[in-house]
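**Q** All chains should be built: construct the whole structure from the sequences, respecting the hints.
Respectively, the protein sequence lines represent chains U and B.
Residue numbers for the first sequence, in my numbering: 17 to 157.
Residue numbers for the second sequence, in my numbering: 1265 to 1682.
All the pointers check out, no bait thrown in.
If you only want the chain U side, here are some residues facing chain B, beta carbon under 8 Å, derived:
id: 1; residue: 18
id: 2; residue: 19
id: 3; residue: 20
id: 4; residue: 21
id: 5; residue: 25
id: 6; residue: 151
id: 7; residue: 154
id: 8; residue: 155
Don't read these hints as lab results, they were simulated from the structure.
From the three backbone atoms N, C-alpha and C, an ideal C-beta is built for every residue, glycine too.
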Amino acid sequence: MTLEQSEYQRLVERIIELSERYRGDPNACEAILLELRTLYKKIPIYPGIIAMLLPKVVQPIEVDKLKEGEEAALVLKDGRMVSGKVVEIGPTEIKLAECKQLDISTPPEKVSVRREDVREAKLITRVVLEKEWPSLDFEEE
Amino acid sequence: MPELKLKRGDVVMLEGQLSLEVKGGEVLISGGLRGKGSKVVIPRAKSVPLEVEEDALVTYTLGQDGKVEQLSERTIPREWDALISEIIKRRPKVILVMGNVDVGKSFFTTYLANTMLRHGLRAGAIDSDVGQSDIGPPTTMGLGIFEQPAALLYEVPLSSAYFVGSMSPSEHMLEFVVGVKWLVEHGLKKADMVIVNTPGWIFGGPGRSLQLYTLETVDPDIVVAFQREGELEHLLSSVPPARVRRLPVSAKVRSRSSAERASLRAMFLGKYFEDAGKLVLDLQKVRLKRCYLHTGRPVDIGTLGVQAQVLHAEQMPEGVLVVTKRKMDEDAIRELEARFGHVRTITQGSERNVIVGLTNDANELLGIGIIERIDYERGQIAVLTPVKNAGEVAAVQFGSMRIKPDGEEIGTVKQGTF
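**A** Have a look at this one:
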């Protein structure tokens, strides 16, 4: 059967699409994932509606159109990313509260890390299908 | 050739690969009565019991891993005998056999159907394990009628089949449940009773759903539950207790790894397509089913005005479907989206190797096939299949697997692609 039997596929595709669109923008990704969690908790039987709503979580906007009380994520020219609630919009400044700041400047190709600086480590395994279920690891079309 | 002189009541375990001939007397193989001249072949990795009804002489030839072992007692548990006596007496119409993978459901089905045959009752067996179907090729569920005794379920000739289109009921629940019901109805027209051998997917939401909705739609008179440690009780709680018969799992049951299962599937599919030929079907005459393609109103491709070599287009309630020679670029898709809303694109060639079911006008499966090509300009679909008569084919049902003619699985089809 090649007809979809639920909207779950549409939801997965939307998540993939958004993760590609906001790659390198952890604030946007976090907002989308948190909202996905909320939507899924509230309406797990309607994956199609969740898929329809997810792109509305993060949308590009001109700075001039931001309003006080809205939540915004700003990408600064020096590579920093700031997000928070807009509390004041002045002619030269935007003030945010409940802020988070991320530095996503590109690191050099090689990085040395002092062992004592490491709080925790996580092992990353790619090509997990090939390793865990090789009989289903078909050539990609 | 080695021979065995056997006395009434003797029990012998036959392990494949071996071939055996009854030279005199009467024996039961998998519960099926065999007299003088009867020949049986047991393939490798399979084993069946032989029980002597009347003093008998048998000859045999052993192949790779083949073995003949005389046992001191019967391998068929007493509980089976009691249940089968009850079935002979009560003559239920539908018996559903349930259990985890590798608990001996197929052997029980065979043994029960053979025993019914000995008592003058014709049993139909439905094998609904789409990935490891003994009756009918993989991706289908099959119905076989026991007209003759069978040592193993796959010996039973296919009477009817239903195309599921995948190696697993996962994401194919509708086909599965509809198919089981369809086969039960057909089976009851041809046999005194139908035995439904269900897949071993018993845990988790989808597994529970599969079993419970099958139970609801089939409404069996008896549910035979094979379990080791009560692993079916969560499902049996939904069945009226009077219909449930619990049976222990035999210690002799052999389990198969997923790699072994995949290799067996490839072998069965390869064998199925051994004598296949190319069948060219006219898309004006056959219906395409279980897909979006050819379900809309044709659109004049000249009016689309996009920078792409469009071969076919149709307007559907969900938007427009466009088939192009090469993958359509994003700008062209956006142009179409602005005019038609949702755009579904198919690139010519993406249909290659997709498994399909070929049915007649009565929705009966004539056989399965592998798409070689859809020629959108000529309106033809070329399918590799053992089905010989194109005139019989009324519909092509799209499946969700890509298969090579040698049986190798080479991919899956994202639902909604076609």
